[in-house]
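Colleague: What follows is each chain in one-letter form.
Number of protein chains: 2
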Amino acid sequence: MPGTDRTKVSLSGGPPMILCRPQRAENIGSAARAMLNCGLTEMRLVSPPDDWKGEKARNASSGADALLDGARLFATLAEAVADLTHVFAATARPRNIVKPVITPRAAGVALRALVAEGHRPGFLVGPERFGLENDEVSLADTIVTANLNPAFTSLNLAQAVLLLGYEWLEAGNVAPETTHLGRAEEPATKEALMGFLGRLEADLLATGFLANEGRRPHTVRDIRAFFQRARPTGPEVGLLDGIVRSLSGRNKRT
Amino acid sequence: MPGTDRTKVSLSGGPPMILCRPQRAENIGSAARAMLNCGLTEMRLVSPPDDWKGEKARNASSGADALLDGARLFATLAEAVADLTHVFAATARPRNIVKPVITPRAAGVALRALVAEGHRPGFLVGPERFGLENDEVSLADTIVTANLNPAFTSLNLAQAVLLLGYEWLEAGNVAPETTHLGRAEEPATKEALMGFLGRLEADLLATGFLANEGRRPHTVRDIRAFFQRARPTGPEVGLLDGIVRSLSGRNKRT
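Those protein sequences? They're chains S and P, same order as listed.
Okay, so the first sequence: first residue is 668 according to our numbering, each after it adds one.
Okay, so the second sequence: first residue is 668 according to our numbering, each after it adds one.
Don't read these hints as lab results, they were simulated from the structure.
Take the hints with a grain of salt, since some may be wrong.
No copy is singled out in the list; a pair is fine if it fits within one copy or between any two copies.
[To be verified] Under the rule of at most 20 Å between Cα atoms (straight-line distance), these lysine to any residue pairs were calculated in the SDA-like manner: (1) Lys766 to Pro902; (2) Lys723 to Ser821; (3) Lys723 to Arg866; (4) Lys720 to Ala855; (5) Lys857 to Asn726; (6) Lys766 to Gly905; (7) Lys766 to Ala897; (8) Lys857 to Pro902.
All figures in this text were calculated on a predicted structure; none of them were measured in a lab.
Chain S extracted, bound-state conformation (with noise of 0.2 Å):
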């Protein structure tokens, strides 16, 4: 289904695709094929295989090799997400954890009013066959979830990838309608939140809040939960900051 030379469509290469932990070369050169169908040319690669970039990719992508070479590695989905203000994950709805679920129409509308309105937002996807852990679902602000056929809800990889480009492409000829935020209410970066919430984990276990190993997980989850879905901005997470230093008197202890 080709395309029409008609439509004017943004080549400056639209927000990030990350992809978490995938588990075959030839769905991450599928990916970066629909990825460049939909005009999207970041790739992001947390702990891809080995053969990530080899001959099954390639062939795979069908061209999209441009998008395979300029790949970024990470190690960890934290650092994969540092420089962005908001994650949208496509993903299987989290249990216990507390996320607004969208559509891939809803999110692509949305990831167009950040970007107009100068923020740094992001696609992630998890790993073909088991989806997302939940300390990654954590990183994320928004869940989306297709309205498939209720029986039979499993996409391949890039077929996640290529409704959430198509969406997002689609969502180009939407005028944004969303409230302003204005520029001082900025959400934080990623790794400013993530910088915050360390330092109160770190407090919480030596207050003895998070003593119960077995519950600890769970609480700290709980926590990010909050917090990411709250998107504090940057004076924000400064505040939150000077509270937890002033309550666990570390400003004396220092």
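Mind docking chain P on chain S? Use the hints.
Modeller: Just chain P, lined up with the frame of chain S:
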């Protein structure tokens, strides 16, 4: 990207998907998977390769075997479309043939309307490499072309099938696109939130964070604005309360 179970998706089968002279068995399997993702269950094949429902196709179908087993074979496209009233073909823009050209989105809406009026429309997708021949295009009423990256428009077979099926499904979806907050995700009452904020502010007075009387109203307003906007759930307010109590050492003091 699994779908939700709350959406009403008709499983009556939808319009037939005709694959004309597909070249590779795995693409037929992937197309079956994409069809079933979208609730389309009637596959028609014109001159497929000999191994069209062999192991490669079954592996690629990821469990959509029933579509392969139920597929109907035809020697020519004319026979495959004989019982249909309208044929929507995803193919390159034909030369020297005058046909209306619409997007997948418009096609989804058009097919829904035709079915509602009692007609029998169908989708048609051409071979992977060369597209439909002119004699075959002449059997189509309407050409379906997605507005893709003009520099890289070629979709693979299953992806073309997915976009057609996805837009067919979307055109019938009555589910809202907006954020779903599930049962467990209800925001806490304002009373619970204000209770938390009151305790937090008392602790911050005690630790000296709000010692500057001139700045205090401004800082309190910023704290309240953040937590109001974050809309914590009831359990999250409990978590935040526990964090503040632990950090401030109130657990020990009381």
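Colleague: Please write out, lowest number first, the hints stated earlier that are contradicted by the structure.
Modeller: 3, 4, 5
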